[in-house]
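Asks: Line order of the protein sequences matches chains F and B.
Start counting the first sequence at 1; every next residue gets the next number (this note's numbering).
Start counting the second sequence at 1001; every next residue gets the next number (this note's numbering).
Since the hints were made in silico from the structure, they are not lab data.
Computed from a predicted model, the values in this text were never measured in an experiment.
Be careful, since some hints might not be right.
Quick list of the computed label-pair ranges, beta carbon to beta carbon [claimed, not checked]:
hint, chain 1, residue 1, chain 2, residue 2, range
1, F, S166, B, T1151, 33 to 43 Å
2, B, R1030, F, Q10, 25 to 35 Å
3, F, V6, B, N1052, 21 to 31 Å
4, F, Q10, B, A1051, 29 to 39 Å
For every residue, glycine included, the Cβ atom is placed at its ideal position computed from N, Cα and C.
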Amino acid sequence: MTANDVIERQAADWLARKDGDRWTPEQQQALDDWLAASTLHRVAYLRLDSAWKRADRLRALQAAERPQATPRAPAALLARPWARRALGGLALALMAWVLAGDFNLGKPDTERYATAVGKREAVALADGSRLTLNTATRVRTAVTAQERRVWLDQGEAFFDVAHDASRPFVVIVGTQRVTVLGTKFSLRRDGERLQVAVLEGRVKVQSDGAQATVLTREDAAVADARNLLVTKKTPQQLQASLSWLQGKLIFDQISLAEAAQQFNRYSHRQLVIADPAAAQIRIGGSFDAGNVEAFARLLHVGFGLEVQQQGDEIRISSPAS
Amino acid sequence: MTQDELSAWFVDEVLPLEPVLERFLRRNWRDVDEIADLRQEVYARVFDGCANSRPDSAQAFVLSTARNLLIDRARRAQIVSIETYADMDALTPTVDHLSPERHSAARSELRLLQAALNLLPLRCREVIELRKIEGLSQREVATRMGITEDTVERQVSKGVRALALALLQTGAGSQEKKPESTHRSGRALS
């Protein structure tokens, strides 16, 4: 048995013990000590832990085989502390909104909500679920005693769905249905393309007539009528993709072309990248979504790009050499 | 960077490179039995080396770390022929363009997982399926199967190693580009 074999077995034993129901603070301490003892221990553990988490995807098989299966107690899926931190600010904003008395009880009719370009709005549904609408978004909601329905007609929204097994919560996005199994997630509609990011819990995504796919915590998916691609996100990436909840755009080395696309969702003033060389510049950092002018200034100062403003258009180009 | 951020970065950026790293090691090290040890040693060096700052390219960093490790080992072993040694020095890893995103085509990952499950011994497989597909806790699995929690724990320990091998090593990235031709003379610097 090689040295690695020994360490890997130990790491697997730790992981299995922690995965069980008899885990104690003392054991956690012992595990922490073991991890701190050697980086070889730590990387072996991280490697197995990452595989073990990815195996959560096997749950998709459950939905495929038996759609009627009773939902499991979601205790293990809920209550992630980092998620709560990420949403602290949002929760406060919503609380203020609820306290302001705009709470709407038990109306069966369809309600319509919309935000203008650059605006963001929190919406509380009669069942206690909360929606946050991002820029240029339109939704309709219908909450009855039997069912909760939301149509995402345009834009992007974050959902914090109140758990209620007796009333399914379904979001309809064009031809696709997203069935919620008690959770926090965001949806973005771009024509017929749907982007899903799951912060907590599980959601089921189904296109008309196609097989359903179940997404779990930290999954993100891009779906059109025919295809669905699921990727696993780190908590950091998820937070970046939900940064709009705080009015921020967080970029992790994306191209200037993509960054401009993001900014353009939030403002009538549109960024136009004039040449391919400029479009390929990599951008990272955290920016105010509503302040495209500041971003343009930064491009000028930081990258020496030419910035020309004409009406509602900001042209960015490589410096003339 | 905090320990958590470092770990997250490691899981997210470094682990997906395992097929690339594995190929690099196999191409440049003769003793197959030592590959797993070398791989973990590279991981440890990368983890420690990035404690304070992240490299621009995780892949370039991982491969140059692997290269340095192989050179260290070869020097220490002193049984390596001059030829191999010279060869090793010339060995400049070329970055191959495996996007971590490719690991994530859900259906192919699911297929990999299923294939990994099929290879497990029957009892181990049943435990993993109940735990991961049915979402039962270890205690519930024990009750359902009529075995002790200790046994369930042992099977999980065994199962997770097999899953890691299937997921990370063969990787869903099996369709990625071949990094370079397999002959070793290429001095083309990246």
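Asks: Indicate, hint by hint, whether the structure satisfies it.
Replies: Do the hints match the structure? See the list:
| no. | hint | result |
| --- | --- | --- |
| 1 | F:S166 / B:T1151: 33 to 43 Å | holds, 38 Å |
| 2 | B:R1030 / F:Q10: 25 to 35 Å | holds, 28 Å |
| 3 | F:V6 / B:N1052: 21 to 31 Å | holds, 29 Å |
| 4 | F:Q10 / B:A1051: 29 to 39 Å | violated, 23 Å |
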